[in-house]
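Hints given; two lone chains; assemble the complex.
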Amino acid sequence: MTATERIWTFVTCLVATLVVVFLATPLVVTILTSFGSSSLFTLPPPSWSVRWYQRLTSVRGLGSTLLVSVEIAALSTFSSIVIGGLASIALVRGRFPGRTAIGTFLTSPLMLPGLVIGIALLQAFRFAGLRDVWTSLLLAHMIVTLPYAVRTIYSSLLLFDFTLVEAARTLGCSPMQAYIRVLIPALAPAFITSGIFAFLASMDNYAVSIFFTDAWTKTLPIMMLNLAEEQPDPTIAAISSLLIGLVLIFLIICDRAIGLRRIVDQH
Amino acid sequence: MSDRTPDRVALLALPALVYMVIVFAIPVMVLIGRSFFGPSGLSVTPYIDFLSDGFNWRVIFNTLRTAALTTLVCLVIGYPTALALSWSKGFVQAIMLVAIILPLSVGVIVKAFAWQIVLRRDGIVASLLMATGVWDEPKLLLFTETGLVLGAANIFLPFMILPIYSVLKLIDPSLQHAAATLGAPPVYRFFRLSLPLAASGIISGCSIVFSLATSMYVIPSLLIGDRYQTLPTLTARAFLLMRNERLGSTTATILLFLTIAIVMLTAWLVRRREVQT
Chain D
1 MTATERIWTF VTCLVATLVV VFLATPLVVT ILTSFGSSSL FTLPPPSWSV RWYQRLTSVR
61 GLGSTLLVSV EIAALSTFSS IVIGGLASIA LVRGRFPGRT AIGTFLTSPL MLPGLVIGIA
121 LLQAFRFAGL RDVWTSLLLA HMIVTLPYAV RTIYSSLLLF DFTLVEAART LGCSPMQAYI
181 RVLIPALAPA FITSGIFAFL ASMDNYAVSI FFTDAWTKTL PIMMLNLAEE QPDPTIAAIS
241 SLLIGLVLIF LIICDRAIGL RRIVDQH
Chain E
1001 MSDRTPDRVA LLALPALVYM VIVFAIPVMV LIGRSFFGPS GLSVTPYIDF LSDGFNWRVI
1061 FNTLRTAALT TLVCLVIGYP TALALSWSKG FVQAIMLVAI ILPLSVGVIV KAFAWQIVLR
1121 RDGIVASLLM ATGVWDEPKL LLFTETGLVL GAANIFLPFM ILPIYSVLKL IDPSLQHAAA
1181 TLGAPPVYRF FRLSLPLAAS GIISGCSIVF SLATSMYVIP SLLIGDRYQT LPTLTARAFL
1241 LMRNERLGST TATILLFLTI AIVMLTAWLV RRREVQT
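Chains D and E are the protein sequences, given in the same order.
One point on numbering: in our numbering, the residue at position 140 of the first sequence is 140, and numbering is uninterrupted.
One point on numbering: in our numbering, the residue at position 151 of the second sequence is 1151, and numbering is uninterrupted.
With the rest of the complex left out, here is chain E (with noise of 0.2 angstroms):
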């Protein structure tokens, strides 16, 4: 072949390049460099002004505290669940797949609104509890946290499972004969063979379940109401409804530094974790 051919075939990537950089990379890149322009030039008085307000302190402490609690229900549950479907052979592994992909392809408005019957004062949850004698009498579940973080936690849980089973499966079981083979009891072997070695999956599984948590829109808005604002309900909120988009522009910009934040520091550990092993 030629010396000409590859250069050639660099040009390929041309429409789907300029596309990307003309319809995304430079509006993305405005409404950061709009953010930081006042009538007066450059500043950062929209961002003093949203950080001086207590209530958006709130905003930012309940996106984050949300995505935690929901990449932490996800990750307890999400593990043994991982673990189990590397187990799993045949007709039981499609099964789990199939409870896995099927819900992970349905659109969240259809999830997040299946959430609001579930979690009803007459809903299946209450009434589960109502029956094993947990509550003695109905309460409501939704408009509340434990709510919001359930239906999230639902909706995002196969995001969770995929990375750690991906990892799971490639270890060798054998490595767990040969450890108790060896006299390791099984919360040590947990803590010094299993867990390390699915780190990477742990890792990126609640990178992907913290920031899609971190940007969640519709979930809190149909689970959760006004009144409870995280950082993509304000920004919603300040476009659609009170026409403030400077406010907007700066709540997306924050949401927008947090989710490079997370991608960032989850590339770092993952980095880290290559260089110790």
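Just chain D, same shape as in the assembly (with noise of 0.2 angstroms):
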């Protein structure tokens, strides 16, 4: 090795090294912040306390708040897995033209600004009729769950083996029973996967949200959005730790599944 080459192969790794540092930042200063006694975001803070966790109990609508956004984000990934599912199969075992052009439709909402889909769905609710809060998260949260769903199920089914299935029929297994006892447990780390990715896409959503919601029934990122506007304290920072938390517990079943450097690929 020249020493030119030596000189750019240290830079590249310093520019890795702080750029480790840089993605780290907002989660470290976010968890250290949370854990300080001062409302003012000194950092490091005067001294530790657990003050802010305490206060959660006494913000205004925290606990419905999380429970509307953790049944949309449950109930509308659900569906997604089922209907995404079912898709992809077909997607990959059909032999019908346009395949490619409906695999991209289904996961087109991914590419498209979150807010303009939010305004396209609250006038087509408008238009519907449909007023309930709560039903309107659920129909617009599952427009951002499916294409995880389909994305990650259909590249796990271009894997799979498809004779397994007909050796099961062989064995003598009907079709549905084939494919709910061989299929079903091939694609479990597909599942918990692309299950994990979209419900944190919609606990995360805020742009298709912001219309639906209002004083009553809101969705977590939105209250967040509303206390961080109206009072920004500690508080925020407590709820983003938790929030950080689950993500990383999510992470390591996540990775006992399929393993890291498959959900890298998954992006």
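Please keep in mind that the hints were generated in silico from the structure rather than gathered at the bench.
The C-beta atom is built at its ideal place from N, Cα and C for all residues, glycine as well.
Mixed in with the good hints, there may be bad ones.
These stretches of chain E come out as covered by chain D in the derived footprint (C-beta under 8 angstroms, 3 or more residues) [said to hold, decoys possible]:
#1 1020 to 1029
#2 1166 to 1179
#3 1192 to 1202
#4 1225 to 1236
A short list of chain D residues far from chain E (calculated; beta carbon distances all over 12 angstroms) [said to hold, decoys possible]:
#5 Q54
#6 T57
#7 L158
#8 L164
#9 A188
From the structure, some residues in chain D lie toward chain E, with a derived Cβ separation under 8 angstroms [unchecked claim]:
#10 A24
#11 G114
#12 L157
Below, the structure is given as structure tokens:
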């Protein structure tokens, strides 16, 4: 290796190290702030405390908001995996024209600005006379979660050996039984991973939700946005830290299910 | 297997397809269509009105400028990171992957709020610049364009690193050795070997970051405020505060066409490269 090359290798590694620190910064800052005693976001905080976590119990509406968010995320994720999984089987196994186009269409909400989807749905639901906040949120969030389900399940199905289903048929399973007993266990990691990323996408969504929430029914990101605008104090950092903890647990599950490197490939 | 089976399998796509057509495609089409309909039929008046206002040109310019700066920052620091990631093994690689995947999975609001804290007058960036003597007195980075680009680049960086990494890891390292053995200088190797091979990753990384940065809403509203309007913030304001749905539909449609243009431009660039190679 020449001297110039060694310098370039060193610079590359230095930049990469700084980038790792840069990427970690917002998460570390959030967690440190949430355990500080000061309400002024001084870092490092003058002393440590859990007062912002204790204050969470007195934030009005936090419990019901969290419940709405979890309900919407869980239900939209589950429905997306069911209809997205079925669609993926059709796209991989079917021999009909336009399969690529349908695949692109089903994942296209990922490429469009969330706000535009939100506005389009706001006008459509109003036209259809749908006024219920909870139902609107659920229908809208399925547009957010479905692409994640289709993307992950489709790419796992491409790797799946369908002769295994045929083998199960030969061994006496009915077509339905063959699918349930062979395909579903083989796809379990894909269901877990797509489910987790769809669930997180729904839990974090603000661009679509912002048009459907009202004073009584809102989702967690909308409530956090309101808090950040009205009374920015470390209470939001405490909520954020709990969310970071949740993501960490989910990622450990994903890592067990398919491994870190395949999570990277999914993106 | 009989010939009927494939057709029956196709039916499995119906629930998702029907749902997406009714709840997604038709509403988006109607949004676009309505923005071209005035009280007296088909018209482009809303667009002419919108584009004849200098303020709105400023809004479009702001949107594209911030997105371009964010993409540039992500590319400059993301490429070396992706390269180092493709060299790394074992524990170091695991650390780097976690450092990329964990922030990527945490919500945008959490990170944008953290950047509000970081960019304060007494925040860590200001303290760092003071300690190293770059700044003589603490300045506010929050509510400035620099602060906005820094926060946005941080939040979108994984979307630049991952596509570049996915291409770089496929490049055979012996190619570099071969070129070096044949006497190609490092700079020549970078421009004639590494860069063309990594180009598809760079194109898709830039395209993803640029479209995300074009349509970001929470990041500018928390990091720069109402003074600096972009297409998404103006769209949200038109609907949520000003109750001016005509303006909102116009800006939303412009934003939509902008995003579609980026996707199509990327597809064209990738196809053109495939034809060449």
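Beyond 12 angstroms from every chain E Cβ - status for A188/D: Holds: least Cβ distance 19 angstroms, greater than 12 angstroms.
12 angstroms cut-off, C-beta based - T57/D kept clear of every residue in chain E: holds, 20 angstroms
So is the stretch 1166 to 1179 of chain E in contact with chain D by the C-beta rule, three or more residues under 8 angstroms, or is the coverage claim wrong? violated (count 1)
Mind verifying the non-interface call on L164/D? Its CB should be farther than 12 angstroms from each CB in chain E. At roughly 15 angstroms from the nearest Cβ of chain E, L164/D sits farther out than 12 angstroms, so the non-interface label holds.
Given L157/D as an interface hint, is its Cβ closer than 8 angstroms to any Cβ of chain E? Violated. Min distance 12 angstroms.
Confirm or reject the coverage of the stretch 1225 to 1236 of chain E by chain D under the rule of 3 or more residues with a beta carbon closer than 8 angstroms to the chain's beta carbons. With 3 residues closer than 8 angstroms to chain D, the stretch 1225 to 1236 of chain E meets the three-residue bar; holds.
Q54/D and chain E, when compared Cβ to Cβ, separated by more than 12 angstroms: Given a closest Cβ separation of 20 angstroms, the condition holds.
Holds or violated: is there a CB of chain E closer than 8 angstroms to the CB of G114/D? Since the shortest Cβ distance to chain E is 7 angstroms, the answer is holds.
Interface hint check: A24/D, Cβ to nearest Cβ on chain E, cutoff 8 angstroms. Holds or violated? holds, 6 angstroms
Counting residues of the stretch 1020 to 1029 of chain E whose CB is closer than 8 angstroms to a CB in chain D, do you get three or more? It holds: at least three residues are needed, and the stretch 1020 to 1029 of chain E offers 7 whose Cβ sits within less than 8 angstroms of chain D.
Report holds or violated for chain D covering the stretch 1192 to 1202 of chain E, Cβ cut-off 8 angstroms, minimum 3 residues. violated (count 0)
So L158/D supposedly isn't at the interface. Is its beta-carbon more than 12 angstroms from every beta-carbon in chain E? The assertion about L158/D holds, with a minimum of 15 angstroms to chain E.
Checked against the numbered hints above, the structure violates hints 2, 3 and 12; every other hint is satisfied.
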